[in-house]
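Chemist: Sequence:
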Amino acid sequence: MIKLFRLITLLEGSSYLLLLFVAVPLKYLVGDESYVKLLGMPHGVLFIAYIVLSFVMQKKMNWKTSSFYIILLASVIPFGTFYVDKKYLSKNN
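The numbering of the sequence shown is my numbering, which starts it at 34 and goes up by one.
Please note: incorrect hints may appear among the correct ones.
[As the list claims (entries may be wrong)] List time: in silico DSSO-like cross-link candidates among lysine-lysine, alpha-carbon distance up to 27 Å:
#1 K124 with K36
#2 K124 with K93
#3 K120 with K92
#4 K120 with K93
#5 K92 with K36
#6 K93 with K36
#7 K36 with K120
#8 K93 with K119
#9 K124 with K97
#10 K60 with K70
#11 K36 with K97
#12 K97 with K119
[Claimed, not checked] Listed next, with one range per pair, are the computed distances between beta-carbon atoms:
#13 T98 with V63: 41 to 47 Å
#14 K60 with K92: 34 to 40 Å
#15 K97 with Y61: 36 to 42 Å
Since the hints were derived computationally from the structure, they do not count as laboratory data. This one's a predicted model, so the numbers in the text were calculated from it and none came from an experiment. Here a beta-carbon is modelled for each residue, glycine too, at the ideal position from N, C-alpha and C.
Let the sequences and hints guide you as you build the complete structure.
Modeler: Rendered as structure tokens:
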């Protein structure tokens with residue numbers, strides 16, 4: 034289960050960065066919305082999977098409440114999920 038969560042963590046973080054730093058600038062600078070449409074749905078699915086798996090993993094990993102809140106908050110901060118992978122997940126794999 035931890036390998037799946039690590040994969041979702043890395044994919045969600047990557048899709049978020051692509052949206053923020055590639056798709057959105059192209060939308061507003063060039064007027065091309067196609068990348069936002071292309072990346073938006075997969076990112077949304079990965080975001081939901083990340084949140085759901087965070088709740089599942091909290092019970093499995095016995096994270097403290099403060100750690101769990103950091104893990105949830107990381108999903109909306111650029112590069113946050115990479116921090117979660119390094120700090121909370123990589124040493125357990």
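Chemist: Flag every earlier hint the structure violates by its number, smallest first.
Modeler: none
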